[in-house]
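Protein chains: 2
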Amino acid sequence: MQRLSLAALGLCLSLPTFAAEGMWQPGQLPELEQSLVDAGLKVDPEKLTDLTKYPMNAVVGLGFCTASFVSPMGLVVTNHHCAYSAIQYNSSAEKNLLNDGFLATKLGEELPADPTQRIYVTTEIRDVSEQIRAGLDQLDDGNAIHQQVDARSKALVAECEKGGGVRCDVYVIHGGMQFNLIRQMEIRDVRLVYAPAQAIGKFGGDVDNWIWPRHTGDFAYLRAYVGPDGKPADHSSANVPYRPDSYLKVNKDGVQPGDYVMVAGYPGRTNRYRLGTEVADAIDWAYPSYMQLFKQQLELIASSSAGRPDAALKYAATVASLNNGVKNFQGNLDGFGKLDVVAEKRRLESAMEAWLQANPDAAPGYAEQRLQLDQVLAQQRAQRERDLLWGRLWRSGIFSAAGDLYRLSLEQTKPDAQREYGYQQRDEVRIEGRLKRLDRRYDAQVDRALVADLLRRYLALDASQRVAELDAWLGRGEGVEVNLEAKLDVLYGATKLGNSEQRLGWFGAKSSQIRGADDSALQMAVALMPAVLRLESESERVKGLEYQLRPAFMRGLIAYKRSLGKPVYPDANNSLRVSYGIVEGYSPRDAVNHAPQTRLQGIVEKHTGVDPFDATQRQLAAISERRFGSYVDPELGSVPVNFLASLDITGGNSGSPALNAKAELVGLAFDGNYESMSSGWLFNQRLTRTILVDVRYMLWVMDAVDGAHRLLKEMRIKPQFANKQ
Amino acid sequence: MQRLSLAALGLCLSLPTFAAEGMWQPGQLPELEQSLVDAGLKVDPEKLTDLTKYPMNAVVGLGFCTASFVSPMGLVVTNHHCAYSAIQYNSSAEKNLLNDGFLATKLGEELPADPTQRIYVTTEIRDVSEQIRAGLDQLDDGNAIHQQVDARSKALVAECEKGGGVRCDVYVIHGGMQFNLIRQMEIRDVRLVYAPAQAIGKFGGDVDNWIWPRHTGDFAYLRAYVGPDGKPADHSSANVPYRPDSYLKVNKDGVQPGDYVMVAGYPGRTNRYRLGTEVADAIDWAYPSYMQLFKQQLELIASSSAGRPDAALKYAATVASLNNGVKNFQGNLDGFGKLDVVAEKRRLESAMEAWLQANPDAAPGYAEQRLQLDQVLAQQRAQRERDLLWGRLWRSGIFSAAGDLYRLSLEQTKPDAQREYGYQQRDEVRIEGRLKRLDRRYDAQVDRALVADLLRRYLALDASQRVAELDAWLGRGEGVEVNLEAKLDVLYGATKLGNSEQRLGWFGAKSSQIRGADDSALQMAVALMPAVLRLESESERVKGLEYQLRPAFMRGLIAYKRSLGKPVYPDANNSLRVSYGIVEGYSPRDAVNHAPQTRLQGIVEKHTGVDPFDATQRQLAAISERRFGSYVDPELGSVPVNFLASLDITGGNSGSPALNAKAELVGLAFDGNYESMSSGWLFNQRLTRTILVDVRYMLWVMDAVDGAHRLLKEMRIKPQFANKQ
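Protein sequences appear in the order of chains A and B.
Numbering follows my numbering, in which position 491 of the first sequence is assigned residue number 491; successive positions increment by one, without gaps.
Counting the second sequence from 1 gives a position; my numbering is that position plus 725.
One thing to keep in mind: the hints can contain errors.
Chain B regions said to be covered by chain A (calculated; three or more residues, Cβ under 8 Å) [to be verified]:
#1 935 to 946
#2 1308 to 1321
Below, simulated DSS-like cross-link-like pairs (lysine-lysine); rule was C-alpha separation at most 30 Å, straight line [to be verified]:
#3 B:1052 to A:295
#4 B:974 to B:1438
#5 A:327 to B:1052
I should point out that these hints are in silico values taken from the structure, not numbers from a laboratory.
It should be emphasised that the depicted structure is a prediction, and the values quoted were computed from it without experimental measurement.
Here a beta-carbon is modelled for each residue, glycine too, at the ideal position from N, C-alpha and C.
All chains, full assembly: derive it from the sequences and hints.
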């Protein structure tokens, strides 16, 4: 009983004595030793800094998610939603693996994932700041700075990737204060081993997305395969399971409320060091504007596809993404409302600047560069409506297809290293895929409705935000009324890009051919391309200046924080990070306490029989018969399903292994609570929680529901239930 | 810390060892002594049985709510929503007491409530079962039984009320097994003393209705006045405050989680002893049907008043009531969904009937009478659609006005004692009020839309549910299509009852005058009255049979429960009852725990500035400056606002004093949680909670926010804050 009451007290009254905030670079952890020990860590923090040793070398990236090795045979565990495309890729109307789940009963049955699926094993992180920044401080032209950073980065990457089998990338730290070159082994033969039914793996679906209490079995297993020589290879039946240098030890006892827990993974992006003015812009303008636009687009998609189920189906993914955006923006705004982020940012900036005035040597030139940064950002903000509409316009079906085709034709004339990011040789497969996919995601009538709305919004902008080429294309002029509908009649009436064969026929065409094309959409792309390039260059200029000016701010901040004895972790940038905290619930509002663990009974409570709350009969039977085995938590009287921990994660961390105080696997991170949505901007210790799937639930599903005995044994877990049928 | 952790454990894991279920007759309490003591009661239960002694003689009724004396000068505390009409009655556009609140700074400033406002002090409960039931068992005609019960009840009431100043009523217990004659002193001069601003008294409004966590200051003060001779009198400036025999002692320390608490009050109606078949009917038919109808009526009101704000305003109260109904029905269905009430009822009935078969002497004739009851109820169910529509029809503006006028004219020809309930002399003021009020609640177009819908539904009914008179009035016949719109053109076009003066002109008219009236609505009432009377007689026949048959069921149940050592409390019937339990939260679903107390900070969290979450600046300032005084709960670090207790209450209990283990006032009951909505049918110990306002919040608002020092002193509470301005 002691345990639960402590947890309950934790929820209501006390805060942990360490700061759960921080996505730490592994190398920073020794600096945090005292805090780690206070939180409960039982291994030497030094052990966590070596990327080539346990446990860090078992933590791998999927590009958009995190995963980890859990057996000597390259078995990889990640979230169900991270393995989603691998499952979907192997599904058909007759054999719906999403619905039914999938279990390979032997190696030979493991299914190849989508050929673009990768597993990345980080093998080296190298500081290349000196190479990249050399002489940059002498430049003051933003475009020149950007060009230098770009060219040097590409050169470093090319050098690093020589020999093949690896992927290298340059990661920007502290806005350009530091650059890291990261090398990752790139495993190209990835196979689907096991996924529970969607009714487990995605239980609660979008309804429960970002929501606690949660009951989602968000886990699945992949396996890394390599050539017989042990090197990364394209998929082949001759390939063999990869033998990782180490793999995570699974601890089937999980963790209890109050226990230490950490996750290692690849968080994508945070904005923790943005200025108060930038946060204010996000709150007052960006989120509300995007939300209003997205809602309008949702209405337009609904009305323009009404009565046409085929068209509606094509926009299902777009609708899901817009809805997700709306929920995210709303969540951010709700979070901001609770926290008064701007005030907090400003307090921090004031305190820091007061300190810097008293300690001018800590960050020389700070004040002047801060002023410049403010000016650059203000210039950028002056064009924000234009940039929003321009960006969304080029995401529409017709603009994106025509734009991609013409842009690629222009970039293909350059040496590969000088091509624009996203249009290099290695990107061509992806561009072709995008052009193919349009078939299933484009309807002229819906696209036109969306484009018409964006252009109408554009036409209403202030003169200062006009784009000359777009005005010219629209036929705007002194005293001339734009006839938008007539323009769109031509754009959609005189293009053949809606036809898949025609569209793909232009893939790889020369720019001169496209310029001569008798196609309204391609002509539009040709007419607007100068503006695309100009706006891109404008934006690169700003980026270049930011490489100069943000580090100045960060130097000031780091010096100030150091004076307070606080190390500074960099914003997330897709590189390997560690976050640590404890298992604990929270109080979302007065008199409501969220316990840190959910139970199997909660699945029964939520079960309606209707997707996304349609638990399988096999699972319901196992619950009602209380076939819990040793996965039961005696205090809960049930198998723990999901749990909460005070950890600092963000998108990209999905699938991250949760490790206990001894660095053993006890679960997987897969979501944040609703209150954490705004944590990209400001981490709130009292409210931000990570949602994880408990290892005991994973093992219980594998054992009592799905009979995945082969995998249990591979992970050294002794099955407790007879294999099904 | 101990306390909170115990409470948290209580929430999650343990149940109290006593049953919180039960609205006990005061006389039953000694039977429950052990359970009361286990729960924590510190006074002799015998003390609670004497209606003429502390504390029971301090608990009074308002007719629709409960209240209590809290000073020797007749000061009465109740809910804000129970004093609502008294506040509204004294409000005007210029002086909006609802918005601003009201505080009389001396006796002379206290404002007379609506003249119909009463305070009832129960002075005697007498068992009159023998008088009423004498010889009834020999009758088998339902109408004859009903007539006997009705006539004998009226005679007893008339006899009891002789001498004036008292209100007597006969209360049916266990469906007619027992009848009690209850005498109450009827205080007719009631004045408004103090009400906080609506932003406190109704904070959260309809949004938070039935919702926990709650932050509503649902309290207000009235005062009972009597003539200089100490006897009840109509309002007069010569009247003086009533000096009650006793009044509740206010304990300003409130109660803590886990503490004993009880409420005494006048719960209106429950259905705890309905049969499984009746509950199934409610779940499968009644709630869904009413909900569907109410939603349709809401849509019709909206569409038929669109663009006409005056009409919309007239239906504001109707809309609120329909919405409240929908929420209630939905809450009931949600509750049923959680509990499987029907199965539980059937289990109980089976167990009981098995026991009765083994113990046939316990309730002789049970089986046969149970069969008869089932038959009677089945007959009634066969007409349920008709009865639903017929009932709603006579609640419409035009039907109700015309029906009241003609019915009254018919009843006025009889001796008062023989008149139908609701049309006796004492009811005439109320009928006139209803006719007057129609001005503010009637719009012909909206009324017609509602009536048309009801009649259309009626026309679709099966032949077995037809009403001949209504068919005739509608012009239905073999092969004749009813022209409903034409009929309604006449009904609404050729009546003057929509006009207030004309309508009231018919009040008190002779039935022959009405029969000769050249008014389409009155003619309709005349045409349909035979059906009204026939259906009424049918329903009285059923009631009469139920007086016979329900007691048979109850005798069986009581005998069975007694065999298990469980006393049986009667269903609520507006008479004085006691419920006891402890202060405790609950878990509405897996991993969510509701703490049993809310805090002032929760008001700040909910505050949006927009009604119903528009806390006053005075209050917000007092909170932010932490002017808590000794009303603070040190464990909470705040003043407790509302609290939860495992108590069994229902409508009518609003305003009931919450008493601690020593029978001192520690709060007021004012609502149930959402999960308790279905508790009218089945009490669920794990989920059903009463929501109460904490006495510390009441006193804090009076002291720190509103400066109600006079009243605090009258209740022997020493003010701690300087009086405002």
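Status of the hints after comparison with the structure:
no.: 1; hint: 935 to 946; result: holds (count 3)
no.: 2; hint: 1308 to 1321; result: holds (count 9)
no.: 3; hint: B:1052 to A:295; result: 28 Å, holds
no.: 4; hint: B:974 to B:1438; result: 13 Å, holds
no.: 5; hint: A:327 to B:1052; result: 26 Å, holds
Hint compliance for this structure: every hint is met.
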